[in-house]
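Asker: Read off the chains here:
2 protein chains.
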Amino acid sequence: MTDPLTTLSETRVFGGRLKRVRHLSAAVDCEMTFAIFLPPQVEAGATVPVFYWLSGLTCTDENFTQKAGAFRVAAELGLAIVAPDTSPRGEGVPGDPDNSWDFGLGAGFYVDATEEPWARHYRMHDYVTRELPALIEANYPVTDRRSVAGHSMGGHGALVCALKHPGFYKAVSAFAPIVNPAAVPWGEKAFGSYLGPDRDRWLEWDACALITTATERLPILIDQGDRDGFLEAQLKPEALVAAAEAVGHPVTLRMQPGYDHSYFFISTFIEDHLRHHAAALLG
Amino acid sequence: MTDPLTTLSETRVFGGRLKRVRHLSAAVDCEMTFAIFLPPQVEAGATVPVFYWLSGLTCTDENFTQKAGAFRVAAELGLAIVAPDTSPRGEGVPGDPDNSWDFGLGAGFYVDATEEPWARHYRMHDYVTRELPALIEANYPVTDRRSVAGHSMGGHGALVCALKHPGFYKAVSAFAPIVNPAAVPWGEKAFGSYLGPDRDRWLEWDACALITTATERLPILIDQGDRDGFLEAQLKPEALVAAAEAVGHPVTLRMQPGYDHSYFFISTFIEDHLRHHAAALLG
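Just so you know, the protein sequences line up as chains A and B, in that order.
According to the working numbering, the first sequence is numbered sequentially starting from 18.
According to the working numbering, the second sequence is numbered sequentially starting from 18.
If we strip away everything but chain A, and leave its shape as in the complex, we get (with noise of 0.2 Å):
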């Protein structure tokens, strides 16, 4: 049913094992590459639960391996640790014709793109949620119980994903996520090409224009630091706050003070997401 995965590089780490793998995905007509962390309980013959983490622009699947020190704690709660790249990649994937780093390659905003020449392959949604937890369940020992998280674009991703498929995720949570992308110049430029000028459309991948009407109410915890550079024009933590406390819905934001957007930000915070996500995944 599943395409052959090809473990790339399998590597000790707290006792566990991290994996990046190399797969033809469907959904995005590519192959992809994403890494794994199966914590010691499955050495024991354990099936564990799973943390998707989505990354930010730029990134790949070997961010948040390297830098954000969460093998650890995930190894002590029996967590396995999904990461993804952040876009189709390779042969035949267009990339941005301006060659910025904030659209195209390394840049998919975790939508399923409407428009050409995007549509083919920037299918980042459908991976992220569907084709690669299928994947996961079916080939290595791991539960049905998800959560998911992400930095930046990738906590964007995160709340989107969470927010479109209610009883899909036990627990989000997010670092500097762009909140509201329909409203500022990352998701407006990444927005207008994938899915095309009609702002209405837009609305579907807004994390503030969604959780209007989630039919679940998970909590959502936000991290953000308040040296940022990204915080007032990009990211706007506040917006979603506003729409959530219109509606009910739990949010806690926690602002960081003297942190900035980096992954030593994620590093002092990502015990905490962890242990959030680990109380609903095992709970």
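It cannot be assumed that every hint is accurate.
Because identical chains cannot be distinguished in the list, a pair is counted as satisfied if it fits within a single copy or across any two copies.
Pairs of lysine-lysine, DSS-like flavour, derived with a Cα cap of 30 Å [unchecked claim]:
id: 1; residue 1: Lys-206; residue 2: Lys-36
id: 2; residue 1: Lys-206; residue 2: Lys-84
id: 3; residue 1: Lys-36; residue 2: Lys-84
id: 4; residue 1: Lys-36; residue 2: Lys-253
id: 5; residue 1: Lys-36; residue 2: Lys-181
id: 6; residue 1: Lys-253; residue 2: Lys-206
id: 7; residue 1: Lys-253; residue 2: Lys-181
id: 8; residue 1: Lys-181; residue 2: Lys-84
id: 9; residue 1: Lys-181; residue 2: Lys-206
Keep in mind the hints are simulated off the structure, nothing from the lab.
For this one, chain A is given, so just place chain B on it according to the hints.
Answerer: Just chain B now, kept in the frame of chain A:
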């Protein structure tokens, strides 16, 4: 007395501050960049001891700070961390004419070169044991209690620094160190160029040789993965254990099953090393 320091970046992490700093080094006669982590205790007015980290081949000051996951425990314990670059760099600094990764730029081997064209700049031992600590202690809220650790080429560096400077460091440890560079290909290539063909002079920079005449018996902690691809040809930690046993020098070699040479290995065991160092630095 010291040249001015230029702070390139300052990032909040685990309640402390990570800075990248550039300065003109007299020891290596070029501009150098180092990283310094100051734990939260210094913002409350404390002065703290310093853990020096020496990285391996191809690394800069950034590998350890981004990948080792050391700041959580350093913040808890109240340790500063200083991570220098692995060689002189920049305009006018000669690199390997063959452009290989295991000699020249990124591969200073923490020796003081005597041969041309290396002798002017490749004086990393003088830099890390004399100029850099003096600069750190003159410019940051730290004490004169220091320790040193490193990885691979930097593990060699840490051992040699501690063995050549009795009393200067309170603790020493290493991950997958090159313990006997005078007798393995990496060391033969580097020492033959930096130090010349007389192999007797190489022994001044070889931990297995230095340990036999050490006047201080500082306990050495070593972690080594048994799936490390460099273990048999380049690292040979059992050679140091044998040399240490012959003179009664305390060495703890922990062979870690399944681990390789990567920062995933380092991240798994760095907490143990930091606690080992803290016991001596804070005791």
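Asker: It remains to establish, for every hint, whether it holds in the given structure.
Answerer: Each hint tested on the structure:
1. Lys-206 - Lys-36: For Lys-206 and Lys-36, the Cα distance exceeds 30 Å both inside one copy (34 Å) and across copies (34 Å).
2. Lys-206 - Lys-84: within (28 Å within a copy, 32 Å between copies)
3. Lys-36 - Lys-84: both (16 Å within a copy, 17 Å between copies)
4. Lys-36 - Lys-253: For Lys-36 and Lys-253, the Cα distance is within 30 Å only across copies (27 Å; inside one copy 35 Å).
5. Lys-36 - Lys-181: So Lys-36 and Lys-181 pass the 30 Å test inside one copy only (29 Å; across, 41 Å).
6. Lys-253 - Lys-206: Classified as within; 17 Å inside a copy, 55 Å across copies.
7. Lys-253 - Lys-181: within (21 Å within a copy, 55 Å between copies)
8. Lys-181 - Lys-84: Answer is within; shortest intra-copy Cα gap is 29 Å, inter-copy 34 Å.
9. Lys-181 - Lys-206: For Lys-181 and Lys-206, the Cα distance is within 30 Å only inside one copy (22 Å; across copies 59 Å).
Hint 1 alone, counting from the list given before, is not met by this structure.
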